[in-house]
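Go by the hints and put chains L, F, A, X and R onto chain B.
There are 6 protein chains.
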Amino acid sequence: MPYVNIRVTNEGVTPEQKLELIKGSTELLVRVLNKDPATTFVIIDEVETDNWGVGYENITTRRQKEKQR
Amino acid sequence: MPYVNIRVTNEGVTPEQKLELIKGSTELLVRVLNKDPATTFVIIDEVETDNWGVGYENITTRRQKEKQR
Amino acid sequence: MPYVNIRVTNEGVTPEQKLELIKGSTELLVRVLNKDPATTFVIIDEVETDNWGVGYENITTRRQKEKQR
Amino acid sequence: MPYVNIRVTNEGVTPEQKLELIKGSTELLVRVLNKDPATTFVIIDEVETDNWGVGYENITTRRQKEKQR
Amino acid sequence: MPYVNIRVTNEGVTPEQKLELIKGSTELLVRVLNKDPATTFVIIDEVETDNWGVGYENITTRRQKEKQR
Amino acid sequence: MPYVNIRVTNEGVTPEQKLELIKGSTELLVRVLNKDPATTFVIIDEVETDNWGVGYENITTRRQKEKQR
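Chains as they are written, first to last, in the UniProt record's numbering: chain B, 1 to 69; chain L, 1 to 69; chain F, 1 to 69; chain A, 1 to 69; chain X, 1 to 69; chain R, 1 to 69.
Just chain B, same shape as in the assembly (with noise of 0.2 Å):
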């Protein structure tokens, strides 16, 4: 009966890939622990960049580092 929540920034993941999260976290639940995937929740949040921070700065300013580099 596990619950997993993934939260990663809101940069264009597609239906495709968070199905792939889905599917791949729920086999990782049964095949480590043989918990029924009909029980089995994921659910992803997909946050702002301007809302998550690391390092004192938001991810918005990061991205824009990373590109200038």
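Be aware that one or more of the hints could be misleading.
Where chains are identical, the list cannot tell them apart; a pair therefore holds if satisfied intra-copy or between any two copies.
Claimed, not checked - Here are the simulated EDC-like cross-link-like pairs (lysine to aspartate or glutamate), alpha carbons at most 20 Å apart as the crow flies:
no., residue 1, residue 2
1, Lys35, Glu20
2, Lys67, Glu20
3, Lys65, Glu16
4, Lys35, Glu11
5, Lys67, Glu27
6, Lys35, Glu46
7, Lys65, Asp45
8, Lys65, Glu11
9, Lys67, Asp45
10, Lys35, Glu57
11, Lys65, Asp36
12, Lys23, Glu57
13, Lys35, Asp50
Don't read these hints as lab results, they were simulated from the structure. Predicted model, so just to flag it, every value in this text is computed and none were measured.
Using the frame of chain B, we list chains L, F, A, X and R on its own:
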């Protein structure tokens, strides 16, 4: 001082239904644990059906299958 | 397919009270949004009073003040 | 390696204010627990006022009452 | 910079199994979204079976029913 | 009416340090967004080092490597 987080799929929940969830959760905490409603928080998260998975599939696909029955 | 997370302070909640919270939350989701109880998750987190703050103080201190009144 | 999740109502928080929350939270973890800012995550969730409840009502209603005073 | 939170019931998950969940989740995010493993967090929460409900009952009761079959 | 959730590894955080986190987070929300401290919640979760992963390994292993340097 409870915090209640309700996560549901984003499938047309109305403001009236949200208010019922808020009232009902608060009443539950007051009734069962004698909590103060003035400091009982209820937060509802609406999750896109592409972003919620169960049984190796997303809810978008599950809803399509349900309609085809 | 809702997910309900109830966070309360760890102050002697009994298994019977937890079950009431589980039943009540599930009934609420069934009644208001017609959700399937078989895939309605309720998770209760009990948080130490030192780890929960409001109004610049922790709940440990708040409870002591309430007793002194 | 801390993770900080700040949930506020969606009422016009500016990118500059979000950055102040990110910087302030990170500084707090560095100062109090000597954490490494490079692995300190801060995620801000903005919640619609219809989706946040306290005291049996949603914040939409509460804000209207505050204006009428 | 993903954040993965896995919530499972507290039923004897070993450190080795936890490590497999950490590795598997990280590999999934690297493979599907090309994320940097150095900033991919995985947090596992173990929840008491009295505190996890589904279908109006807690997991403690569900496990007892499963044994009686 | 903000909700702040701080997750750190369980490595001997003292009640005094927790209180500093509570006060500092609350002050931050008051200063940046003019929030009411009386309805600003701060919850600290302490996570076992076996249950927190980054870079394919858990924090237990990471701390051992740091000591060996």
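Against which earlier hints does the structure fall short, listed by number upward? Numbers 2, 5, 7 and 9 - these are the hints that the structure violates, sorted from lowest upward.
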